[in-house]
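**Student:** The primary structure of each chain is shown beneath.
Protein chains: 2
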Amino acid sequence: MRKENVSMAVIRRMPKYYRYLDELYQNGIQKISSRALAEQMGLTASQIRQDFNCFGGFGQQGYGYNVDTLREQVASIIGIDRTHSAVILGVGNIGRALIRNFNFVQCGFQLLAAFDTDTSIVGDVIHQIPVLPVDEMDAFIRENKVEVAILTIPAAFAKATAERLSDLGVKGIWNFTNVELQVKNPSVTVENVHFSDSMMTLCYQISED
Amino acid sequence: MRKENVSMAVIRRMPKYYRYLDELYQNGIQKISSRALAEQMGLTASQIRQDFNCFGGFGQQGYGYNVDTLREQVASIIGIDRTHSAVILGVGNIGRALIRNFNFVQCGFQLLAAFDTDTSIVGDVIHQIPVLPVDEMDAFIRENKVEVAILTIPAAFAKATAERLSDLGVKGIWNFTNVELQVKNPSVTVENVHFSDSMMTLCYQISED
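Line by line, the protein sequences are chains A and B.
The first sequence begins at 0 in numbering that gives the first Met the number 0 and counts up by one.
The second sequence begins at 0 in numbering that gives the first Met the number 0 and counts up by one.
A hint or two may mislead.
As the list makes no split between identical chains, a pair holds if one copy fits it or if it spans any two.
[What the hints assert, rightly or not] Quick list of in silico lysine to aspartate or glutamate cross-link-like pairs, EDC-like style, CA-CA up to 16 Å:
no.	residue 1	residue 2
1	Lys15	Glu179
2	Lys144	Glu207
3	Lys30	Asp67
4	Lys144	Asp166
Honestly, the hints are just simulated from the structure, not real lab data.
A quick note: this is a predicted structure, and the numbers were derived from the prediction, not measured.
Generate the whole structure from the sequences, applying the supplied hints.
**Tutor:** In structure tokens form, the structure reads like this:
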């Protein structure tokens with residue numbers, strides 16, 4: 000179902016489709032037209048059809064989408080129907096918030112462990128996730144073939160840590176350090192979380208002309 | 000410089016432009032062609048020209064952009080050249096992380112206060128921000144004409160709190176509760192932060208075909 004050369008704009012809409020479809024599904028809605036889905040999501044119906052055509056297209060003109068089926072197809076496109084492994088580096092406020100509140104399973108991930116340099120929290124278990132010493136990280140990542148590392152460490156360590164993770168064989172880095180990261184190995188994906196982009200978008204919308 | 004009917008896709012690219020232009024500026028780069036900027040940002044040169052045309056267009060064909068000027072123009076479009084007021088509701092892990100680490104000033108905001116129901120932290124001062132009791136919130140927001148409220152409270156309280164904030168006259172809500180919020184008053188903007196969209200995008204990219 001995957002296609003090459005799908006634009007990042009389309010890829011970034013997929014989680015949003017999943018979010019809306021999942022809500023419809025949870026509310027017991029079985030069918031929805033592309034027009035109704037478009038209205039709810041603030042897109043156009045033709046945009047939605049184009050997006051799904053990137054993955055082969057689903058639904059039949061005039062019949063609308065079967066919510067349950069489309070939801071599963073989108074889940075499969077995103078890859079959340081499989082389980083990927085993740086660890087978290089840095090158990091500060093953001094790290095702790097993610098461990099406690101983020102629904103990793105819903106996003107296709109199993110969080111295996113957290114790592115920190117602070118000996119006063121190493122050994123703790125937060126929400127069933129063990130906090131391990133950072134000098135066990137390399138062996139743990141290699142042995143468990145960890146796919147994704149979540150960076151919630153101070154910005155100063157971001158770049159070097161990302162390269163080290165890349166060398167250890169992770170496929171992806173979820174970066175909360177506010178440093179725009181790229182790693183040398185092109186097969187490692189970095190997803191930079193920019194709170195400031197979101198806050199600036201809000202700034203635009205509340206600012207007077 | 001503002002225009003009506005600029006699409007959200009264009010608006011959402013503005014903070015990204017600012018981020019890249021600011022980095023060029025910090026590195027002492029004075030001129031950049033739309034092509035070079037496009038390459039760095041993973042866009043096309045024509046996309047960049049189209050985006051800026053939404054706001055009147057800057058730069059002259061063949062001469063490239065003056066980094067300093069364009070950075071200031073983008074700042075003005077976004078509204079971060081003015082100072083907007085904000086308060087934060089909920090001093091849990093995410094709230095605390097934002098107070099400590101988020102650069103509000105760079106995003107055009109001054110954080111005035113934080114509110115929490117937990118009497119054991121009310122009275123604390125975190126990074127010069129006072130933690131006030133939640134029953135002082137209404138008066139504080141009205142008296143200080145607070146423009147934006149940042150929601151880092153438990154999801155269960157999100158909807159009711161958002162409506163209350165809307166009644167109190169805030170213009171925007173920055174929502175970290177993982178609940179997709181809308182408020183009845185259409186003039187109040189809600190910016191929902193969805194960590195899951197970001198994690199799912201990463202999931203897509205690391206998943207095998």
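**Student:** Just pull the numbers of the violated hints for me, sorted ascending.
**Tutor:** none
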